[in-house]
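So the protein sequences, as listed, match chains A and B.
Using full-length UniProt numbering, the first residue of the first sequence is number 1, and each one after it goes up by one.
Using full-length UniProt numbering, the first residue of the second sequence is number 1, and each one after it goes up by one.
Rather than coming from a laboratory, the hints here were simulated on the basis of the structure.
Among the hints, erroneous ones may be present.
Intra- or inter-copy, both count: the list cannot distinguish identical chains.
Subject to a maximum C-alpha distance of 25 Å in a straight line, what follows is the list of computed DSS-like cross-link-like pairs (lysine-lysine) [what the hints assert, rightly or not]:
| hint | residue 1 | residue 2 |
| --- | --- | --- |
| 1 | 357 | 226 |
| 2 | 23 | 104 |
| 3 | 242 | 398 |
| 4 | 226 | 167 |
| 5 | 398 | 372 |
| 6 | 276 | 110 |
| 7 | 357 | 110 |
All figures in this text were calculated on a predicted structure; none of them were measured in a lab.
Protein chains: 2
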Amino acid sequence: MNAITDLPYTVTRQRDVVDALRKLLPERCVLFNDEDIRPYECDGLAAYRQMPMVVALPDTEAQLVQILQLCRDMQLPIVPRGAGTGLSGGAMPIADGLVLSTAKLNRIIKVDPVARTAVVQPGVRNLAISDAAAPHNLYYAPDPSSQIACTIGGNVAENSGGVHCLKYGLTVHNVMRVRVVTIDGDIIELGGAALDAPGLDLLAVFIGSEGMLGIVTEVTVRLIPKPQRACVIMASFDDVVKGGNAVADVIGAGIIPAGLEMMDRTSSRMVEPFVKAGYDIDAAAILLCESDGTPEEVSEEIAHMTAILTASGATKISVSGSDEERLRFWSGRKNAFPAAGRISPDYYCMDGTIPRKRLADVLLRIEAMESKYGLRCANVFHAGDGNLHPLILFDANKPGEFHQAEAFGAEILELCVEVGGTITGEHGVGIEKINSMCVQYSPQEREAFFAVKRAFDTAFLLNPDKAIPSLHRCAEYGKMHVQRGQLKFPDLPRF
Amino acid sequence: MNAITDLPYTVTRQRDVVDALRKLLPERCVLFNDEDIRPYECDGLAAYRQMPMVVALPDTEAQLVQILQLCRDMQLPIVPRGAGTGLSGGAMPIADGLVLSTAKLNRIIKVDPVARTAVVQPGVRNLAISDAAAPHNLYYAPDPSSQIACTIGGNVAENSGGVHCLKYGLTVHNVMRVRVVTIDGDIIELGGAALDAPGLDLLAVFIGSEGMLGIVTEVTVRLIPKPQRACVIMASFDDVVKGGNAVADVIGAGIIPAGLEMMDRTSSRMVEPFVKAGYDIDAAAILLCESDGTPEEVSEEIAHMTAILTASGATKISVSGSDEERLRFWSGRKNAFPAAGRISPDYYCMDGTIPRKRLADVLLRIEAMESKYGLRCANVFHAGDGNLHPLILFDANKPGEFHQAEAFGAEILELCVEVGGTITGEHGVGIEKINSMCVQYSPQEREAFFAVKRAFDTAFLLNPDKAIPSLHRCAEYGKMHVQRGQLKFPDLPRF
Numbered sequence: 001m002n003a004i005t006d007l008p009y010t011v012t013r014q015r016d017v018v019d020a021l022r023k024l025l026p027e028r029c030v031l032f033n034d035e036d037i038r039p040y041e042c043d044g045l046a047a048y049r050q051m052p053m054v055v056a057l058p059d060t061e062a063q064l065v066q067i068l069q070l071c072r073d074m075q076l077p078i079v080p081r082g083a084g085t086g087l088s089g090g091a092m093p094i095a096d097g098l099v100l101s102t103a104k105l106n107r108i109i110k111v112d113p114v115a116r117t118a119v120v121q122p123g124v125r126n127l128a129i130s131d132a133a134a135p136h137n138l139y140y141a142p143d144p145s146s147q148i149a150c151t152i153g154g155n156v157a158e159n160s161g162g163v164h165c166l167k168y169g170l171t172v173h174n175v176m177r178v179r180v181v182t183i184d185g186d187i188i189e190l191g192g193a194a195l196d197a198p199g200l201d202l203l204a205v206f207i208g209s210e211g212m213l214g215i216v217t218e219v220t221v222r223l224i225p226k227p228q229r230a231c232v233i234m235a236s237f238d239d240v241v242k243g244g245n246a247v248a249d250v251i252g253a254g255i256i257p258a259g260l261e262m263m264d265r266t267s268s269r270m271v272e273p274f275v276k277a278g279y280d281i282d283a284a285a286i287l288l289c290e291s292d293g294t295p296e297e298v299s300e301e302i303a304h305m306t307a308i309l310t311a312s313g314a315t316k317i318s319v320s321g322s323d324e325e326r327l328r329f330w331s332g333r334k335n336a337f338p339a340a341g342r343i344s345p346d347y348y349c350m351d352g353t354i355p356r357k358r359l360a361d362v363l364l365r366i367e368a369m370e371s372k373y374g375l376r377c378a379n380v381f382h383a384g385d386g387n388l389h390p391l392i393l394f395d396a397n398k399p400g401e402f403h404q405a406e407a408f409g410a411e412i413l414e415l416c417v418e419v420g421g422t423i424t425g426e427h428g429v430g431i432e433k434i435n436s437m438c439v440q441y442s443p444q445e446r447e448a449f450f451a452v453k454r455a456f457d458t459a460f461l462l463n464p465d466k467a468i469p470s471l472h473r474c475a476e477y478g479k480m481h482v483q484r485g486q487l488k489f490p491d492l493p494r495f
Numbered sequence: 001m002n003a004i005t006d007l008p009y010t011v012t013r014q015r016d017v018v019d020a021l022r023k024l025l026p027e028r029c030v031l032f033n034d035e036d037i038r039p040y041e042c043d044g045l046a047a048y049r050q051m052p053m054v055v056a057l058p059d060t061e062a063q064l065v066q067i068l069q070l071c072r073d074m075q076l077p078i079v080p081r082g083a084g085t086g087l088s089g090g091a092m093p094i095a096d097g098l099v100l101s102t103a104k105l106n107r108i109i110k111v112d113p114v115a116r117t118a119v120v121q122p123g124v125r126n127l128a129i130s131d132a133a134a135p136h137n138l139y140y141a142p143d144p145s146s147q148i149a150c151t152i153g154g155n156v157a158e159n160s161g162g163v164h165c166l167k168y169g170l171t172v173h174n175v176m177r178v179r180v181v182t183i184d185g186d187i188i189e190l191g192g193a194a195l196d197a198p199g200l201d202l203l204a205v206f207i208g209s210e211g212m213l214g215i216v217t218e219v220t221v222r223l224i225p226k227p228q229r230a231c232v233i234m235a236s237f238d239d240v241v242k243g244g245n246a247v248a249d250v251i252g253a254g255i256i257p258a259g260l261e262m263m264d265r266t267s268s269r270m271v272e273p274f275v276k277a278g279y280d281i282d283a284a285a286i287l288l289c290e291s292d293g294t295p296e297e298v299s300e301e302i303a304h305m306t307a308i309l310t311a312s313g314a315t316k317i318s319v320s321g322s323d324e325e326r327l328r329f330w331s332g333r334k335n336a337f338p339a340a341g342r343i344s345p346d347y348y349c350m351d352g353t354i355p356r357k358r359l360a361d362v363l364l365r366i367e368a369m370e371s372k373y374g375l376r377c378a379n380v381f382h383a384g385d386g387n388l389h390p391l392i393l394f395d396a397n398k399p400g401e402f403h404q405a406e407a408f409g410a411e412i413l414e415l416c417v418e419v420g421g422t423i424t425g426e427h428g429v430g431i432e433k434i435n436s437m438c439v440q441y442s443p444q445e446r447e448a449f450f451a452v453k454r455a456f457d458t459a460f461l462l463n464p465d466k467a468i469p470s471l472h473r474c475a476e477y478g479k480m481h482v483q484r485g486q487l488k489f490p491d492l493p494r495f
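For reference, chain A alone in the conformation it holds in the complex (with noise of 0.2 Å):
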């Protein structure tokens, strides 16, 4: 009777829900043609492309709420997005899915210098707390590299770190409270202002879980002072083995760094040229050590830690003698990411952790696997806290180089664990180390992500198949077959 009913049933579907997202939001806020949505296709691992059914911004919580209560009621699966800085594919669309962004859910609520806490939005970024913090001489620690486009709801998800959350710690341990909508539409806030809030600690899992478990729509962060000074330590080493050893010797002797970093030559001599931070480009690695807190305290620490590694090899040692030197030093470290860009067509930065004694040993490994893939490596680590940045360089053109340099990844990921570690340090699991899940966790430890996931979202509507691979998966791990710019699933059935 009716032409519409010979659509394919993805057409309607598609008209089915953005009817339905229409009677909730202005217009503007409901994106769905090829061209609006093309920008949601990926994050930061751009590898993995995937085109969503529709993209919904809502301008407040209200509206958040009644996108869930909907999604919830048409089955629809749906995947957040903050900044869409992420690296482990996160926020990596599901074809018959909606990405639900917090982008326009941006305003800063509240700076409390006596309190020393912020009220954001979930679409805040990450620098433009510190900026709104500045006044009162406070900041907000967690400095992920993308700190200026990321957002704290994307940091949440993530439990994001950066260069000084040695010293400071990962969003988790900077964030207060959070107001969460669950699936069903509900509001529940989740920590406080105490150390410890009663119950059981349901913050901890939402901060890193990858959004899903709810949506993130409010989230108290604790500021702190700025250190009245700060100065960096750069450090060269003819040798990697000596660099690894001469970290392990700064933590042992009882230091905490305000940042512990390390680049091997590979990673100096592609940054430097672009940046010009004035790296050592002779020596076999660098180490970045800082120190912050009143004069006394840094003048004491820098000596210390000059003494520590000079002793252990260092051959050469600068210490910033201005602001403006000690975040050119830095400014290296912090564009690692793009420099490589520059050099190699493609790359792909892997993010493990492993204990602190075995970097040397690790590194040594991570050579060999050079040779084995035919494809180079540049290495960046948040040294300090174990956290490599492995980034491996491909071009995606030469056929094979993509699922070598996938390979080779996989296989640093297994050696992290092999070695005590863990399969990701800050840039979560996401889609492209959900396989490496399998690696680090028993099938009871996964099955109990799983329980606590299910508590959350019986229906797994909430970014499913990210993070917590499926026994399935897993019994499939090795033979899942990946394409080029299009993550394939095969077809499954869902847990």
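Please arrange chain B on chain A, whose structure you already have, making use of the hints.
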């Protein structure tokens, strides 16, 4: 046909359970006679008592797995128990249930001075960990007042703190990994050596879960180097409000003291004759402010804090001249609870938190409540983190006094929530504060807790009716009847 069938159900049920347990455990590990199980009828919250059906004390993890599977199969509720020093009735037995004591799982498995970790079984005493680490000049930081007796398993269940948690954190900040047996007998490991473990942060959920999610059989704790020097200031104030404001001033100056404790005059007068700590018993309040670190850091911080306390109106300041004197200053604070027992037939220790800036205000309101309820209240605080421990003094033999003390305590907790704090800082909710959870959380938030509880324990066998109140219970709150020494539950359906 069989006379045994004429026995009351409780008797045959106990016999069946004991028979089944004896197939799994040596005879000495299964207690069920009145004289044997009497010591288990309460924990440190002695006003709440209940004899259990049976007590099991496994020697090994394998036995513990079998006990849990048996309980699941027989639908037998389980109350886990460490040393029984808890103060919220978390280990109060259930009449038709089993008490699972971890007392015999008391091996220190490994102390690793390089990684600065210790792996211990749950029955190891808190202080025994530091004793084992002492030869390496390391220690385990959280130090609840009961640290001589309390076990790490109990500390994990309650997320215990102590006088140094302001600087060194609670149990959750000092435990890296736990090994857990689930109600199904599965063994899972949560957490790890890295700053952040991939997947959901179930480690944080287990810590402080009051035995509701699983039984911990192995705990990996972080050890930290003993500070080179520690020194404590004792400051007197002629007004509690000034003392409360001085706390805010110290923290406001950006100092994180190793300990920052406050005692009012009732407390210092209660403690001094007993401990002879050298307290100023004429002062309305005394503050203890500890600094630790290198000798230079300590000297600088003590000078800084002395200046702040003087500016805040301290009438007298003493600085410990030796480690003996420092420990003597602390001994009064650490013995406040036993001292209360010497001056009053009974006392009721509360454990709320409040924002630091409300300290002075809350103290005045508690003072007003003393008149209202006709009971004295001694106030000791972990002032630095806003954790109050009002000790309500009463005589249970005087009709109505226990009831008055309970009402007084409940009003203090409601005041804590009113000013933006919480109903428990470190003692847990247990059975004591379960009604106050109705004040702290919305029905949706409590449902989120239940959802996670259910995810691990569908049949609600693990410490049921503790920590999270049912919707029904909250609806009944205010009408529930409590009798001295025996809490009578209304005959409600569970959840």
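Please name the hints from earlier in the document that this structure breaks, with their numbers sorted from lowest to highest. Violated hints (numbers, rising): 3 and 6; every other hint is consistent with the structure.
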